[in-house]
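Taken in sequence, the protein lines are chains A and B.
Numbering-wise (our numbering), the first sequence opens with residue 270 and increments by one.
Numbering-wise (our numbering), the second sequence opens with residue 270 and increments by one.
Simulated from the structure, these hints should not be mistaken for laboratory data.
Please read all numbers here as calculations on a predicted model, not as lab measurements.
It does not matter which identical chain is used: a pair holds within one copy or between any two.
SDA-like mimics (lysine to any residue), calculated; alpha carbons at most 20 angstroms apart, straight line:
1. Lys317 - Asn329
2. Lys328 - Val341
3. Lys328 - Met318
4. Lys328 - Ala370
5. Lys328 - Leu374
6. Lys607 - Ser287
7. Lys607 - Asp282
8. Lys312 - Arg326
9. Lys607 - Gln289
10. Lys525 - Glu403
Protein chains: 2
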Amino acid sequence: MFYFIHKYSGGFDMLFLSEQEMWQSVTLEDVMDAIEDAYAIHKSGNYKMPDRFIAQRDKNMMLYMPCFLDSVIGTKMLSEFPDNPSLGIPYLNGLMILNDATTGLPKAIMNGSALTAMRTGAVGGVALRYLAPEDAASVGLVGCGMQGLHQLLYACEVRPITDIYLYDAYAKDLSGFIERLSARLASFGKNAIQIHTCADTRELAEHSRVLISATQAVDPLYPDDEELLRGKCFVAIGSWRPERRELPDAVWKLVKNAYTELPYACEESGDLKIPLEKGVLTQERVHFIEDLIEDTKQGHPHEQNETRCFKSVGMGLFDVRTAQLIYEKALGKGIGQKLNF
Amino acid sequence: MFYFIHKYSGGFDMLFLSEQEMWQSVTLEDVMDAIEDAYAIHKSGNYKMPDRFIAQRDKNMMLYMPCFLDSVIGTKMLSEFPDNPSLGIPYLNGLMILNDATTGLPKAIMNGSALTAMRTGAVGGVALRYLAPEDAASVGLVGCGMQGLHQLLYACEVRPITDIYLYDAYAKDLSGFIERLSARLASFGKNAIQIHTCADTRELAEHSRVLISATQAVDPLYPDDEELLRGKCFVAIGSWRPERRELPDAVWKLVKNAYTELPYACEESGDLKIPLEKGVLTQERVHFIEDLIEDTKQGHPHEQNETRCFKSVGMGLFDVRTAQLIYEKALGKGIGQKLNF
Numbered sequence: 270m271f272y273f274i275h276k277y278s279g280g281f282d283m284l285f286l287s288e289q290e291m292w293q294s295v296t297l298e299d300v301m302d303a304i305e306d307a308y309a310i311h312k313s314g315n316y317k318m319p320d321r322f323i324a325q326r327d328k329n330m331m332l333y334m335p336c337f338l339d340s341v342i343g344t345k346m347l348s349e350f351p352d353n354p355s356l357g358i359p360y361l362n363g364l365m366i367l368n369d370a371t372t373g374l375p376k377a378i379m380n381g382s383a384l385t386a387m388r389t390g391a392v393g394g395v396a397l398r399y400l401a402p403e404d405a406a407s408v409g410l411v412g413c414g415m416q417g418l419h420q421l422l423y424a425c426e427v428r429p430i431t432d433i434y435l436y437d438a439y440a441k442d443l444s445g446f447i448e449r450l451s452a453r454l455a456s457f458g459k460n461a462i463q464i465h466t467c468a469d470t471r472e473l474a475e476h477s478r479v480l481i482s483a484t485q486a487v488d489p490l491y492p493d494d495e496e497l498l499r500g501k502c503f504v505a506i507g508s509w510r511p512e513r514r515e516l517p518d519a520v521w522k523l524v525k526n527a528y529t530e531l532p533y534a535c536e537e538s539g540d541l542k543i544p545l546e547k548g549v550l551t552q553e554r555v556h557f558i559e560d561l562i563e564d565t566k567q568g569h570p571h572e573q574n575e576t577r578c579f580k581s582v583g584m585g586l587f588d589v590r591t592a593q594l595i596y597e598k599a600l601g602k603g604i605g606q607k608l609n610f
Numbered sequence: 270m271f272y273f274i275h276k277y278s279g280g281f282d283m284l285f286l287s288e289q290e291m292w293q294s295v296t297l298e299d300v301m302d303a304i305e306d307a308y309a310i311h312k313s314g315n316y317k318m319p320d321r322f323i324a325q326r327d328k329n330m331m332l333y334m335p336c337f338l339d340s341v342i343g344t345k346m347l348s349e350f351p352d353n354p355s356l357g358i359p360y361l362n363g364l365m366i367l368n369d370a371t372t373g374l375p376k377a378i379m380n381g382s383a384l385t386a387m388r389t390g391a392v393g394g395v396a397l398r399y400l401a402p403e404d405a406a407s408v409g410l411v412g413c414g415m416q417g418l419h420q421l422l423y424a425c426e427v428r429p430i431t432d433i434y435l436y437d438a439y440a441k442d443l444s445g446f447i448e449r450l451s452a453r454l455a456s457f458g459k460n461a462i463q464i465h466t467c468a469d470t471r472e473l474a475e476h477s478r479v480l481i482s483a484t485q486a487v488d489p490l491y492p493d494d495e496e497l498l499r500g501k502c503f504v505a506i507g508s509w510r511p512e513r514r515e516l517p518d519a520v521w522k523l524v525k526n527a528y529t530e531l532p533y534a535c536e537e538s539g540d541l542k543i544p545l546e547k548g549v550l551t552q553e554r555v556h557f558i559e560d561l562i563e564d565t566k567q568g569h570p571h572e573q574n575e576t577r578c579f580k581s582v583g584m585g586l587f588d589v590r591t592a593q594l595i596y597e598k599a600l601g602k603g604i605g606q607k608l609n610f
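Next up, chain A with everything else stripped away, as it sits in the complex:
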């Protein structure tokens, strides 16, 4: 018994979207809604998200992150090349590829590192939707990179932010970052926000109601000082390795509940793993933000004390759902380049 290995290829179309076209296709609210959809899909179980696959040669890595939804298949393919920054090239680059869930045919290709920043910013934004005080007017950012910039865009979208505070241990001159941030904020109609730089994270924490960290810190970024940190809303999106942490013990002593996305965050992120091992945090106090979202939507918000914290480790579902939304919106608006392959 034998048959055609396969028939003839070619003649199919896919859509290419550059970083700029991706941003033209969606609003910040759209992307946050996509993240909430992703949480709902995760809760429903109607997806398949294999472990990411890493191919490595010496210190350079190629990462493949596939995720099957019922309606689309997404693969984020990223390169992590540690020497790039010394060449003036981003450390992380890549593509997001969408395939049709019924036929497997490629449907769209877009900028994968732009997608990462876009959706990670929105993950932080969604956390703030549910955790930050309604009247929070100040936000502090530790780690002034591309991820941090996007975190601020969404923070300013979900809360009435008037002042941004910045700190980066490695970039003492933040003028370039401030210029890019101001331009991006202005493009979303936010021209009146004041941007300040801080000498250290203590100063940053003193001024900020919301504290976002987007670093690869090994040791906690903030002073381990309960009085300083009480009442803050923390979003920690960096340092996702087991031996690294962004947040000091004081945070875990202050919060009633810790929020994250996935069970394995407690092993993958030192921010949860280390305090759990030390007993500063207990497993019963770790909750999934998808439950908080659902409970809140059903009129049963979780009891919260004044200090709040969300630790993100990310998941492929965010990428594929966000990319799907961008693709659909782009198609609807006639944005992007059609490729016949």
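Place chain B on chain A using the hints.
Same frame as chain A, now just chain B:
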């Protein structure tokens, strides 16, 4: 200690090549030379080719095949969706992505299933360069699909073929295939080749000096008849699973040496595994074609008796080296679509 998660993305170019543009960029000889380069790279050990990674949901599969060369990184990303043929869509589709070996930045995207056919055809062509009698004028093909068509294009390039014989157990009406094959042969200036269809593989073998199979056969395709098969040159590129085979025992009794690409072919392909287990073939008689190529180039061709056989299981190195050549030739000729991502 902490630093930028990453800098800003965007502003880089990559090249998109459709199936048609891929063929416009290279000649058949170019692609076969790329395959010989791939063998030389494999022999040198200067590459890294991780096991392919499969993500599966139900019966649908996404396959990721990365391969690092010193000069480029390639990832072939294929989908295998068994229900596609019933929808009139190829079973196998995909993309080939090239990344810069120094920075990881995406450099090129091209049609991955077209690449597969192009390079698999050339793998067969290279085998014929070294194994087929110089004056072979007839070639038979079992399995008239896209892979088979491409095998014939290369066979007609490397030997003075005047007659092609076709057989397919599933497609009794081969007129569509013959039309496509004639058009492709004509596009390479080969207008005078006669194309014949056969009632069975015995008739095919009687007429053909070279016998190519490109099927997913479970059981051997040809009669197990030494007299019928003596003196033929076999290229078997299908049925690469351990329980499947295209070639009957008679082939292994007739040949002095069996050629393949990789040590694991003896486990991965039933065409080698089954006769080895039965003792019809012995491990000492299995050779790597890269050694035959090198020895022949150095003026020491292997001793050959009249029946010859090459079993291909394929490797990612073929894809990446072929894609790299296509990319370089396309750049040189100004072919393809530049994408700023």
